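> Given next are the chains, with one letter for each unit.
4 protein chains.
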Amino acid sequence: MTDLSAVKAALKAQEIETPSWGYGNSGTRFKVFAQEGVPRDPFEKLEDAAQVHAATGVAPRVSLHIPWDTVDDYAALAAFAADRGLVLGAVNSNTFQDDDYRLGSVAHPDPKVRRKAVDHLLRCVDIMDATGSRDLKLWFADGTNYPGQDDISGRQDRLAEALDEVYARLGEDQRMVLEYKLFEPAFYTTDVPDWGTSYAHCLRLGPKAKVVVDTGHHAPGTNIEFIVAFLLREDKLGAFDFNSRFYADDDLMAGAADPFQLFRILHEVVRNGGFAPERGVAFMLDQCHNIEAKIPAVIRSVMNVQEATAKALLVDSAALAAAQQAGDVLGANAVLMDAYNTDVRPLLREVREEQGLNPDPVAGYAASGWQQRIVAERVGGAQAGWGA
Amino acid sequence: MTDLSAVKAALKAQEIETPSWGYGNSGTRFKVFAQEGVPRDPFEKLEDAAQVHAATGVAPRVSLHIPWDTVDDYAALAAFAADRGLVLGAVNSNTFQDDDYRLGSVAHPDPKVRRKAVDHLLRCVDIMDATGSRDLKLWFADGTNYPGQDDISGRQDRLAEALDEVYARLGEDQRMVLEYKLFEPAFYTTDVPDWGTSYAHCLRLGPKAKVVVDTGHHAPGTNIEFIVAFLLREDKLGAFDFNSRFYADDDLMAGAADPFQLFRILHEVVRNGGFAPERGVAFMLDQCHNIEAKIPAVIRSVMNVQEATAKALLVDSAALAAAQQAGDVLGANAVLMDAYNTDVRPLLREVREEQGLNPDPVAGYAASGWQQRIVAERVGGAQAGWGA
Amino acid sequence: MTDLSAVKAALKAQEIETPSWGYGNSGTRFKVFAQEGVPRDPFEKLEDAAQVHAATGVAPRVSLHIPWDTVDDYAALAAFAADRGLVLGAVNSNTFQDDDYRLGSVAHPDPKVRRKAVDHLLRCVDIMDATGSRDLKLWFADGTNYPGQDDISGRQDRLAEALDEVYARLGEDQRMVLEYKLFEPAFYTTDVPDWGTSYAHCLRLGPKAKVVVDTGHHAPGTNIEFIVAFLLREDKLGAFDFNSRFYADDDLMAGAADPFQLFRILHEVVRNGGFAPERGVAFMLDQCHNIEAKIPAVIRSVMNVQEATAKALLVDSAALAAAQQAGDVLGANAVLMDAYNTDVRPLLREVREEQGLNPDPVAGYAASGWQQRIVAERVGGAQAGWGA
Amino acid sequence: MTDLSAVKAALKAQEIETPSWGYGNSGTRFKVFAQEGVPRDPFEKLEDAAQVHAATGVAPRVSLHIPWDTVDDYAALAAFAADRGLVLGAVNSNTFQDDDYRLGSVAHPDPKVRRKAVDHLLRCVDIMDATGSRDLKLWFADGTNYPGQDDISGRQDRLAEALDEVYARLGEDQRMVLEYKLFEPAFYTTDVPDWGTSYAHCLRLGPKAKVVVDTGHHAPGTNIEFIVAFLLREDKLGAFDFNSRFYADDDLMAGAADPFQLFRILHEVVRNGGFAPERGVAFMLDQCHNIEAKIPAVIRSVMNVQEATAKALLVDSAALAAAQQAGDVLGANAVLMDAYNTDVRPLLREVREEQGLNPDPVAGYAASGWQQRIVAERVGGAQAGWGA
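Chains as they are written, first to last, in my numbering: chain A, 10 to 397; chain B, 10 to 397; chain C, 10 to 397; chain D, 10 to 397.
Rather than coming from a laboratory, the hints here were simulated on the basis of the structure. This structure is a prediction, so every number in the text was calculated from the model and none was measured. Just to be clear, a hint being listed does not mean it is correct.
[Claimed, not checked] Distance ranges between label pairs, derived from CB positions: (1) ALA327(B) - ASP107(A): 39 to 49 Å; (2) ASP128(C) - ALA335(D): 21 to 31 Å; (3) ASP369(B) - ALA335(A): 56 to 66 Å.
All C-beta atoms, glycine included, are put in the ideal place defined by N, C-alpha and C.
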């Protein structure tokens, strides 16, 4: 029943934003393993991101992380991106890697530290003005490690005050998207631990504030697609951070740990109109893959999101609705599983060929010679990374 | 620094509501073990609840569950309670034990089933009119077991419609309190799975709708006291369902599995003014203890809540705030732990003696002869229970 | 690289054992929903199981549950099965639905209760003698609900004593397979909570004792395929109980919640020789699906296990080993995912056609008219079920 | 009923081993916060450990971590310790912070890397010879991040081979204690993920191999005290790594997150004879507290273990056994809770006074002036830490 040409058109129109930090070294608290050819500055990160876009055709957007991607001239960075067919995406604020942030940033008990953190956020909006980025993406490491360490309500007051100030600074077409996370690095309380907390703050702030769903930031057993459906129904879903996890915030390649879950999430996106441009949902990757090759791992994540999307688009929505309405449990489940069990790789190969791309992005990248070139050329200097 | 007489006064003023179903047989899906002397009707349940109040002095309120506690004359039931020093508390609606509810109640795909469920809720408000109960407590078993089985957003629409109709029926001094639960009996989606969902509905409904926190209804690792603090800050906390769990919704005696957590929760209640009568927070037990003696287990739960409350009241709030403000992690934690590590049982014995009670409620109940009497007298008839 | 005819042969040789209790009513503690046409006795259960085998061709074995499947003449039951092309499989002992078992069965503090429980297990071996069953499948609901309730080590002593006695009773070709489960119905300690405990007892008992892996019985985040690989390496894997879960022991249809996990498990079975008949691994379903139609749900579970098996058989093991040995993280993962992403349904349709079956078992069953017949004929009598 | 003088004697005889790395900087993957006065070498770590022992009287043993604590002359290090009333304890091997270990150490697919790792372990035994340490403590970061990345069984083979070689090298009075951990840094499989895996290897190795229970290394919901009881019953418990966690391996101060759990664990130790010197159970701390002051946090952990031990020693074991034997669920639980609810701090103050110590170790340390001295003197050089 599904219109294949419409599915193909949707797949070609998809945009998946890749993270600048996904191209640098990363690791766990135990070890950051260095890789050869890793970028030494934001420009080299963009060069790598351009390879992912060249291979897949759907990754023109790149998120920045400040201060990791600090440069003197952000307009020049945006031009550098544009020259490579890229667009600078969300600006991610980092208020967790300074000794001053030991007890938090915007919710720190000391007003001087809060001021410093808010100033950093405001500076990020300045950068957005220069780069043309729409979204300020906020994730706070703020929280406490021990019962009694700080006052839960008091921290909410401070958080709210900071958000209010930053929200007021947003330009007409700019947004603030607020991420939540169950735990880590804070181990007792986290100031924005769940979607409900992010949602409540966004509701107070206004229409330019939306919730970010990072697929690795939930308690075990949380039904993420329920949250996605609920937020879309309330028009409060701002963005995804795709990655995958078996245990905690493992930050593995998107779709690697539970491809069925990724499909179910994208099914709710399709079902609830989340791909419509006017909904403004950003589809970002946020991963911290640390033992496998950098660029190929990002390509694989993009492909995994594409495959899940293709399956979601193939769901026979009329048959599904009919079975649901009839209370046919097995029939409705079978309609959904029929799409999931379809091998969509041939379809995606066709889509890529129609776009003039190598039907196999991994092979395309391997054949490009880029990996050998960066290993040979990027010698000396300090590799980008986000370890402490 | 703490004013002991104020602590004692607060402990004497505390009211813990016990559940009528806590006096009947209950169990797991594997077995409901029958106990001797278990009540055969709502009147006998009230007699048992009166024993708990007699032993503890703080349990005058009893929650009902409809249709389990269906009687011909609710005013008579309320009078029967009053004669025993009791007050009828929340009316809990049960829309999960009818074959019609196989696929849900208020969110069922079939409008006829939804109508039946909403009518039951409206009938519960009628009962509240008769009993003088303030709160309609809503917990829905609604959800799905399989991906695709029903439409997540569509179910929210139906749920919202039902809540709207019932909310409109509430009297001036009546409230609707909406419980959330991660899972069980639905195993894939639950229509109100977390506090955020309940909060969003309550916000839409208005000031007479509040969230219920059942301490057994969260994903592993959820910080419940954060939710309590957040909801109190938003003035959306309506009630507690206290019980305890090691794994899922085990429904064990309150305070039995993690007494430190119960203390932390009550600390947030104290810190955020949740004991003030005008906040309207109801402190209910909701447990399904199935292998130990019924009445003594309820007494033990009441005592556990009392002990946690006493410790929370003993926290040196000035010292705590000073250490928190100074960023003294160990010092602030030590202030909280000092209260927790205090043995408050002597204080509670004093409180009870000052109230003319046996200082040991368990011994007091044992000495009352009630248990022997009900075992001897309650012979024949159908024991109350909530098994399928 | 894979030999398709070998894959087909393996799929035709596969045997999946279905549970007699999967054909009766079942539910949660909240409600057992009754279905029309449900069997009223063990013979009718076998009739239904025969339909599953007729539709799929791979389900000739049926597990019994005693006392649920108590009959006067077990040889007659076996003959009834044989007449329908079925074989009686494992005998499951049930020592949890008697009031005497409130505090446990073989680990109960009272020796009289332990005696009763062990006598039941010995009686199950008698039944195995009559039915020709190879396996006594043991799952104990034993445990405690509260810290201090009973002595953990003492319970292990009693458990060990009971297992020793039953093990000594086994015939030469009989086995004891011991299931573990994290929790439920016991909520604080469970006497066999994890594979390590089962393994340690089986090791002490001897070669006729093996571990059962029920896919729903683990803590969140447990890597089940690791356990499968480890037990196969130690030659201590006796059987699977397949079902699926999102949260606890949800007992949904196998493969419904996480088909990728089921594939990974079956990949380890293939990799470690677990399909070889001499390894003696039994592939059983154990599910408690309660809102969907009984027989079709069992058929769907069988198909899901078949599909995961087919994918596991399609893994290019030489390419996988080469990539693993080379430390090629992405390459090795890609080999595995290539098999998983394959749509094996056409292959299975071929297999079925070659076996003279309807290529679509669900359609085949629907066309058989069996469902209409049992709804019409099975009127009156007590439906089978396992609720309390 | 409890003999208080015996309790006091036991508390005085207790030895809690502190980790050298607990005195250095540590953190999460997001940030290692530097503290003033932190040691620059193993000798300064021992000086700090001596302060903990001076304050508490029960912490004479210090664990080393190699290569973090590499020195030229281990006998000199041991003598330095002895001069300060300390004894060098377990030698912890570190095979996770070298780029060669990206895909594992003793289970790495490349035999050259395995050789390197095993050589490191053998070198650790050499160090034990020099320091007089009894225990080689093994924790392996080995595992995989993606399905298919490596062969689960093959990795077990390699692990077993490495353990065999190291076990053969142990001296007559030396032991190998093998730690398990659910996940982190590996995110898909971990080669020793649970106690069962460690137990199976230790069983094969022989009596000098024992299991280490790290209280932060389990899946959510795992009943740790059950494992402790089981391992003591099998005489396979070698050591504890005490720390606490709310979510994953948070490595907070022991007893901070769930003091009731720590009490239950120590109750099983007492109950099963684990404090008897001949059982050889080592009571170690292993924490990575990163926002609070180093030495005071170790002191607090030691005190928390002492308090839990004191409560465990106060359990009326005769009353408990009687209630358990009688099947008195509430009575047995009440006996245990009576000990837990006791405020043992006055008792511990008495114990310390009888030992000539400051009754308040935190105050004692603060009064010693040590903190001011190290902040003033330890300037320049590289602070010890274990970040990547």
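> Next step is simple, just say for each hint if it's right about the structure.
Structure-based check of each hint:
With their beta carbons about 31 Å apart, ALA327(B) and ASP107(A) fall outside the hinted range of 39 to 49 Å. Under the hint 21 to 31 Å, the C-beta atoms of ASP128(C) and ALA335(D), about 23 Å apart, fit the expected range. For the pair ASP369(B) and ALA335(A), the beta carbons lie near 60 Å from each other, so the given range of 56 to 66 Å is met.
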